[in-house]
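**Q** Let the sequences and hints guide you as you build the complete structure.
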Amino acid sequence: MTYEEHLDEVATLLTERFHASDEVAIATVMRAQADDFFSGHDDDPSICTQQRAVQDAKAIWKAYRTA
0 MTYEEHLDEV ATLLTERFHA SDEVAIATVM RAQADDFFSG HDDDPSICTQ QRAVQDAKAI
60 WKAYRTA
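In numbering that gives the first Met the number 0, the protein residues as written are 0 to 66.
These are computed hints drawn from the structure, not numbers from a lab. Watch out, some of these pointers could steer you wrong.
Label pairs and their in silico Cβ distance ranges [unchecked claim]:
(1) 3 with 54: 16 to 24 Å
(2) 30 with 4: 15 to 23 Å
(3) 7 with 61: 16 to 24 Å
(4) 42 with 18: 29 to 37 Å
(5) 43 with 18: 27 to 35 Å
(6) 2 with 57: 17 to 25 Å
(7) 20 with 45: 28 to 36 Å
All C-beta atoms in this analysis are idealised placements derived from N, C-alpha and C, irrespective of residue type, glycine included.
**A** Set out below in structure tokens:
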């Protein structure tokens, strides 16, 4: 998947697994992206996998979730 598709998948996983609203999921992904959480993904698109999206969703929910 592309970098953009990966970010979309992470946001989708936040809504499905953590019951975040679309707005909260997008804001959480954007906060992580602003902090360069995904910089390696942009540099190496081969890590943009479904398995990595699941890992990333868990990690950013723990670190960046908003109320």
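**Q** Now tell me, hint by hint, if it's right for this structure.
**A** These are the hints, each one checked on the structure:
| no. | hint | in the structure |
| --- | --- | --- |
| 1 | 3 with 54: 16 to 24 Å | holds (18 Å) |
| 2 | 30 with 4: 15 to 23 Å | holds (19 Å) |
| 3 | 7 with 61: 16 to 24 Å | holds (20 Å) |
| 4 | 42 with 18: 29 to 37 Å | holds (32 Å) |
| 5 | 43 with 18: 27 to 35 Å | holds (31 Å) |
| 6 | 2 with 57: 17 to 25 Å | holds (19 Å) |
| 7 | 20 with 45: 28 to 36 Å | holds (31 Å) |
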